[in-house]
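Undergrad: Chains A and B, in that order, give the protein sequences. Mind the numbering: the first sequence is residues 1 to 378 in full-length UniProt numbering, read in order. Mind the numbering: the second sequence is residues 1 to 378 in full-length UniProt numbering, read in order.
Careful: at least some of the hints might be erroneous.
[Unchecked claim] If the Cβ cut is set under 7 angstroms, some of the chain A residues that face chain B in the computed set are:
| id | residue |
| --- | --- |
| 1 | C227 |
| 2 | L228 |
| 3 | K262 |
| 4 | Q266 |
| 5 | F279 |
| 6 | S283 |
| 7 | Q287 |
| 8 | L291 |
| 9 | H293 |
| 10 | Y295 |
| 11 | P363 |
| 12 | T364 |
| 13 | Q365 |
| 14 | H366 |
| 15 | G369 |
Keep in mind that the hints were calculated from the coordinates and are not lab data. C-beta: ideal position from N, C-alpha, C; glycine also.
There are 2 protein chains.
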Amino acid sequence: KAMPGDSMDKPNIVTCTAPVNIAVIKYWGKRNEELILPINSSLSVTLHQDQLKTTTTVATSRSFQEDRIWLNGKEEDITHPRLQSCLREIRRLTRKRRNDGVPCLDLSCLSHKVRICSVNNFPTAAGLASSAAGFACLVYTLAQVFGVEGELSGIARQGSGSACRSMYGGFVQWIMGNQDDGKDSLAQQVEPETHWPELRVLVLVASAERKPVGSTSGMQTSVETSCLLKHRAESVVPGRMAEMIEAVQKKDFPTFAELTMKDSNQFHATCLDTYPPIFYLNSVSHQIISLVHRYNGHYRDTRVAYTFDAGPNAVIFTLQQHVPEFVQVLKHFFPPETKREHDVIFSYVVFKAGPGPCVVEDPTQHLLGSDGLPKKSM
Amino acid sequence: KAMPGDSMDKPNIVTCTAPVNIAVIKYWGKRNEELILPINSSLSVTLHQDQLKTTTTVATSRSFQEDRIWLNGKEEDITHPRLQSCLREIRRLTRKRRNDGVPCLDLSCLSHKVRICSVNNFPTAAGLASSAAGFACLVYTLAQVFGVEGELSGIARQGSGSACRSMYGGFVQWIMGNQDDGKDSLAQQVEPETHWPELRVLVLVASAERKPVGSTSGMQTSVETSCLLKHRAESVVPGRMAEMIEAVQKKDFPTFAELTMKDSNQFHATCLDTYPPIFYLNSVSHQIISLVHRYNGHYRDTRVAYTFDAGPNAVIFTLQQHVPEFVQVLKHFFPPETKREHDVIFSYVVFKAGPGPCVVEDPTQHLLGSDGLPKKSM
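Isolated chain A, as found in the complex:
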């Protein structure tokens, strides 16, 4: 219960966490750069936040003179267009709710400046879709501060496309939508994280010598130059989305796994069909791909699947009972910390599917002090 006197002096502070998601039907290519509308639907698994998450604190106060943001301990430019899109859209939604007669927590804060502080508990450079977790967390936390609930994935999408999928736990589809204004381009939970408890996700954190092409500029070049990408988006993905949703609902691992591998390969194929071509798979990726096919071939059973995004990490899907053996196989072929050519696999992390963004109730976990500045321990 905010008292009028409180909002004068004490800031309104909320801290939330949000998860990373791993796409099994890939998003690559926008039909609208501004609104971040994709050329095809996609589907992902939300990783549990016990090992990977973004934590964001938002504070608003009448006494703050300007909006400011700190990311991983470093102050960043608050005028970044995608950040501004999220702030603007959350404020617009808050105003709309108020006009619709929905009571809000603190109406006065609409005119207040915000302070944002966000940290990943994993290196941003690891390329683990940190922008997805980051924008999901920002939008979710802002919504808590402004007291708005309900559909927020359309706002997260305007921060970073795949962030909309981090707004839900479990198995999540991002429906591309058809409208020009993007109002129907939203994420939707297909099944909750409790649906398939045996599923495991191994993230192999790797490093590459060269910095790969960023996904924003990469997908733009692909849309402009790859005729295979256009065909994929229009004619291949719609069928795959339906098959993938059915495989998830039925917990049909071999179908889920094969579609995951085929879609990863097709995404990288469209990168190669881009002009100039984009390579995200390196020799270690090739070796992991061939290892997975040999492993499955050995058992005449699809027990393990790989997927690769626009970075060096490999992500492996399997079932609980196969984790120990497959980890042994991986350790045999990729001894941890061993330098293989120019690429290194740093570590393995095993995940389950997990929930969407959460509010952190413990106020000692706030990243910002009541002065609206990062706490010293940051």
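Dock chain B against chain A, hints included.
TA: Just chain B, lined up with the frame of chain A:
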């Protein structure tokens, strides 16, 4: 002038040479495995035979008891189905010509057994489309022995698809055709080797640690599993063939070069879209690709193009005036014989476009003696 007595004792011996060709619009995928009918048309440049060629001697004699074949000094199985296809088709054509009243050199030899001896002046393992040159040479030489002339590319095609393009010099298209019997799936010269004298082809002979998937089985898996390959064959290649023919006719190097690179990339993209995926490009290929784009970018002019087939070698197209500088650049980044990761570039060879198969008039060059056995020097 063959005398009846001659054919009793002396064998009829002919020696020919045939060239390697480098596809700039790629052939990948058959619609008929038996007849070797492709799912799309393709276009290649025939390399001059001064440095790379296959030499084949065919001998026929009434005294030979059976058909035999030696390849690169080793006797091979004459019953190989594709070899038998070529022998059968040449004999059928000879019979047809005789029935049509066309005089043949030596009718009696139709019933004679043949001896075939063939050598490449380059290692077969180098993956330089040796089967294309080999089958082109075999069919051309058999045709000389049996005294048939005219359209032979349809027979060479049944030995090895791309062999049909080695039946002509210069710039050659293989028109896919539409008939079920394959009678219209033939090679045709687009322009002779004299048309574009400034064009140069650099072959970078590389070695890879792992033996790649063979093209016959690779393309079969691609046809069965890649939806991008189907789209490429039906919707992308027809337009590219027309553009490429126009670029060759106009000697428009930048257009020729860009189409060559895009088509190489798209071929490798369809290999990656194959399930399980096929990788022919390795880290050295990636480095060469990136070097070519940086080189062209530096000059803001497409001066150099790469193309890669189903093997480790890189082929570079450029114009005469750019060869010295680009070779220096290559030598700087890929010092000859230096081991880079697991891949080695052995050597560079510079080619012009060259003529199709030729008869070797000098009888001392025959690879077979009058006894129908390889000469000792072999």
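Undergrad: Holds or violated: A/Q365 as interface residue toward chain B, Cβ cutoff 7 angstroms?
TA: 44 angstroms, violated
Undergrad: Once the shortest beta carbon distance from A/F279 to chain B is found, is it less than 7 angstroms?
TA: A/F279 check passes; min Cβ-Cβ to chain B is 5 angstroms, inside 7 angstroms.
Undergrad: Using 7 angstroms as the Cβ threshold, decide whether A/L291 counts as touching chain B.
TA: 11 angstroms, violated
Undergrad: Let's test the interface hint: is any C-beta of chain B closer than 7 angstroms to that of A/H293?
TA: Holds, because the Cβ-Cβ distance from A/H293 to chain B comes to roughly 4 angstroms (cut-off 7 angstroms).
Undergrad: Can you verify the interface hint for A/L228: is its Cβ closer than 7 angstroms to any Cβ in chain B?
TA: Result: holds, 5 angstroms to nearest chain B Cβ.
Undergrad: Hey, does the A/Y295 contact hint survive, CB to chain B under 7 angstroms?
TA: 12 angstroms, violated
Undergrad: For the hint on A/C227, does the least C-beta distance to chain B fall short of 7 angstroms?
TA: Holds, about 5 angstroms.
Undergrad: Verify the interface restraint on A/Q266: the C-beta must sit less than 7 angstroms from at least one C-beta of chain B.
TA: Status holds, d = 5 angstroms.
Undergrad: Holds or violated: the hint that A/Q287 contacts chain B, with Cβ atoms closer than 7 angstroms.
TA: Where the cut-off is 7 angstroms and the nearest Cβ of chain B is about 10 angstroms from A/Q287, the hint is violated.
Undergrad: Under 7 angstroms is the threshold here; is the Cβ of A/P363 close enough to any Cβ of chain B for the hint to stand?
TA: Violated, because the Cβ-Cβ distance from A/P363 to chain B comes to roughly 50 angstroms (cut-off 7 angstroms).
Undergrad: Min Cβ distance, A/S283 to chain B: is it shorter than 7 angstroms?
TA: 5 angstroms, holds
Undergrad: Under the criterion of a CB-CB separation shorter than 7 angstroms, is A/G369 in contact with chain B as hinted?
TA: Result: violated, 48 angstroms to nearest chain B Cβ.
This entry does not satisfy hints 7, 8, 10, 11, 12, 13, 14 and 15, going by the numbered hints stated previously.
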